[in-house]
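> Per this note's numbering, the sequence shown starts with residue 44, numbered consecutively.
No lab work stands behind these hints: they were computed from the structure. Hints are not guaranteed to be accurate.
Stated by the list, open to error - Here are the simulated lysine to aspartate or glutamate pairs, DMTMM-like style, with alpha carbons at most 20 Å apart:
hint: 1; residue 1: K107; residue 2: E286
hint: 2; residue 1: K348; residue 2: D200
hint: 3; residue 1: K378; residue 2: D200
hint: 4; residue 1: K375; residue 2: D219
hint: 5; residue 1: K107; residue 2: D219
Claimed, not checked - With beta-carbon atoms standing in for the labels, derived distance ranges:
hint: 6; residue 1: I228; residue 2: A251; range: 44 to 54 Å
hint: 7; residue 1: L372; residue 2: E286; range: 51 to 61 Å
hint: 8; residue 1: Y127; residue 2: L105; range: 18 to 28 Å
hint: 9; residue 1: E286; residue 2: L105; range: 47 to 57 Å
hint: 10; residue 1: T82; residue 2: I128; range: 23 to 33 Å
hint: 11; residue 1: L105; residue 2: A225; range: 53 to 63 Å
hint: 12; residue 1: F91; residue 2: I235; range: 17 to 27 Å
hint: 13; residue 1: I153; residue 2: Y127; range: 31 to 41 Å
hint: 14; residue 1: T82; residue 2: L105; range: 42 to 52 Å
hint: 15; residue 1: A251; residue 2: E286; range: 40 to 50 Å
hint: 16; residue 1: L105; residue 2: R199; range: 23 to 33 Å
hint: 17; residue 1: A301; residue 2: L203; range: 42 to 52 Å
Just so it is clear, CB atoms sit at the ideal spot from N, CA and C, and this is done for glycine as well.
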Amino acid sequence: MSSSPAFKDKDEDLEAQVPLNLQPSSPTVRTEQEVSGTTKLLYLAVYFLCNISLTIYNKLILGKFSYPWLLTALHAGSASIGCYILLLQGRFTLTKLTVQQNITLALFSILFTVNIAISNVSLAMVSIPFHQIMRSTCPFFAVLIYRFRYGRPYPRDTYLSLIPLILGVGLATYGDYYFTTAGFILTFLGVILAVVKTVATNRIMTGALALSPLETLLRMSPLACAQALFCAIASGELAGFREQNPEGPSGALILTLAGNGLLAFCLNYSSFSTNKVAGAVTMTVCGNIKQCLTILLGIVLFGVKVGFLNGVGMVVALAGAAWYSAVELRSKQQKAGGR
Numbered sequence: 044m045s046s047s048p049a050f051k052d053k054d055e056d057l058e059a060q061v062p063l064n065l066q067p068s069s070p071t072v073r074t075e076q077e078v079s080g081t082t083k084l085l086y087l088a089v090y091f092l093c094n095i096s097l098t099i100y101n102k103l104i105l106g107k108f109s110y111p112w113l114l115t116a117l118h119a120g121s122a123s124i125g126c127y128i129l130l131l132q133g134r135f136t137l138t139k140l141t142v143q144q145n146i147t148l149a150l151f152s153i154l155f156t157v158n159i160a161i162s163n164v165s166l167a168m169v170s171i172p173f174h175q176i177m178r179s180t181c182p183f184f185a186v187l188i189y190r191f192r193y194g195r196p197y198p199r200d201t202y203l204s205l206i207p208l209i210l211g212v213g214l215a216t217y218g219d220y221y222f223t224t225a226g227f228i229l230t231f232l233g234v235i236l237a238v239v240k241t242v243a244t245n246r247i248m249t250g251a252l253a254l255s256p257l258e259t260l261l262r263m264s265p266l267a268c269a270q271a272l273f274c275a276i277a278s279g280e281l282a283g284f285r286e287q288n289p290e291g292p293s294g295a296l297i298l299t300l301a302g303n304g305l306l307a308f309c310l311n312y313s314s315f316s317t318n319k320v321a322g323a324v325t326m327t328v329c330g331n332i333k334q335c336l337t338i339l340l341g342i343v344l345f346g347v348k349v350g351f352l353n354g355v356g357m358v359v360a361l362a363g364a365a366w367y368s369a370v371e372l373r374s375k376q377q378k379a380g381g382r
């Protein structure tokens with residue numbers, strides 16, 4: 044086993060710097076500043092394919108499986124099993140970590156679980172359109188974190204491109220906005236936690252730890268699975284599932300859940316790899332695009348009716364995403380030309 048780099052006194056934005064020629068112990072997934080625009084687009088395309096596939100699978104096949112904590116445990120458990128199989132096959136190796144670094148990963152898994160818990164609780168206190176428009180602000184907060192925590196500069200056009208991206212999602216998801224005071228606070232907290240989780244995921248893979256996506260998943264997933272199972276027991280989900288399936292789950296349900304778990308593993312691996320390659324801010328932008336694509340899928344596959352304003356919102360949001368992509372590409376070319 045190889046030793047991981049020691050923590051630095053200052054948590055520098057290594058992702059935005061020219062990388063050192065280090066020899067990793069696991070298959071290399073290059074970071075944001077090392078890859079071409081074409082490679083980023085390829086990773087993003089695979090990520091969206093996995094995301095959409097899981098969305099369709101859940102809608103058409105899994106149906107109304109109203110046990111979110113058990114489903115979260117299934118996804119985390121599937122990631123653990125998938126990564127362990129790949130570890131046994133020698134696809135990657137484990138890095139020797141210090142106690143402090145292991146604590147960091149444990150805290151990361153707790154952040155993952157708390158983020159889901161806050162989202163689930165807040166959804167009961169606000170309308171879905173309000174929840175969606177609040178979530179659409181994630182790119183803005185991600186930029187703020189990188190700007191003020193890591194001192195990464197962004198061109199003015201990056202900030203401007205986020206305006207149509209966020210407003211477009213607001214129009215696309217326009218509906219009955221309802222929220223309680225507690226619901227607003229929890230939803231806002233959920234937005235911050237979601238952004239912190241996305242940034243933390245990137246930092247674990249590009250900062251001092253510099254773990255591969257597979258190793259990050261393997262070290263985080265078992266802890267997240269155990270925490271989700273605990274929440275399922277505490278919330279009564281497990282008891283409800285047993286009551287609904289007194290003789291145990293049927294063979295068809297087991298196969299259905301196994302397929303869901305496999306897709307979830309592919310999505311998690313793709314998500315972590317894309318985060319490392321494309322960056323945390325781009326991942327939050329992708330979250331906004333996903334909301335628009337989900338609406339389009341609903342229209343095409345399930346006959347969902349949307350209004351003119353919703354359609355305009357999707358166009359505006361996608362235009363904002365295209366603007367953001369153009370700004371990022373131009374910025375990367377300017378940095379490359381200045382070296």
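> Could you run down the list of hints and mark each one as holding or not?
Against the structure, the hints:
1. K107 / E286: holds (16 Å)
2. K348 / D200: Cα-Cα ~34 Å, so violated.
3. K378 / D200: Answer holds: K378 to D200 is near 16 Å, not above 20 Å.
4. K375 / D219: violated (41 Å)
5. K107 / D219: Answer violated: K107 to D219 is near 23 Å, above 20 Å.
6. I228 / A251: 44 to 54 Å: violated (33 Å)
7. L372 / E286: 51 to 61 Å: At roughly 54 Å between Cβ atoms, E286 and L372 fall inside 51 to 61 Å, so the hint holds.
8. Y127 / L105: 18 to 28 Å: holds (24 Å)
9. E286 / L105: 47 to 57 Å: violated (19 Å)
10. T82 / I128: 23 to 33 Å: Cβ of T82 to Cβ of I128: about 26 Å, so the range 23 to 33 Å holds.
11. L105 / A225: 53 to 63 Å: violated (30 Å)
12. F91 / I235: 17 to 27 Å: Between F91 and I235, where Cβ atoms are some 25 Å apart, the hint holds.
13. I153 / Y127: 31 to 41 Å: violated (21 Å)
14. T82 / L105: 42 to 52 Å: violated (32 Å)
15. A251 / E286: 40 to 50 Å: Because 47 Å falls inside the window, the suggested range holds.
16. L105 / R199: 23 to 33 Å: violated (44 Å)
17. A301 / L203: 42 to 52 Å: holds (46 Å)
Going down the numbered hints, you'll see the structure goes against 2, 4, 5, 6, 9, 11, 13, 14, 16, while the others check out.
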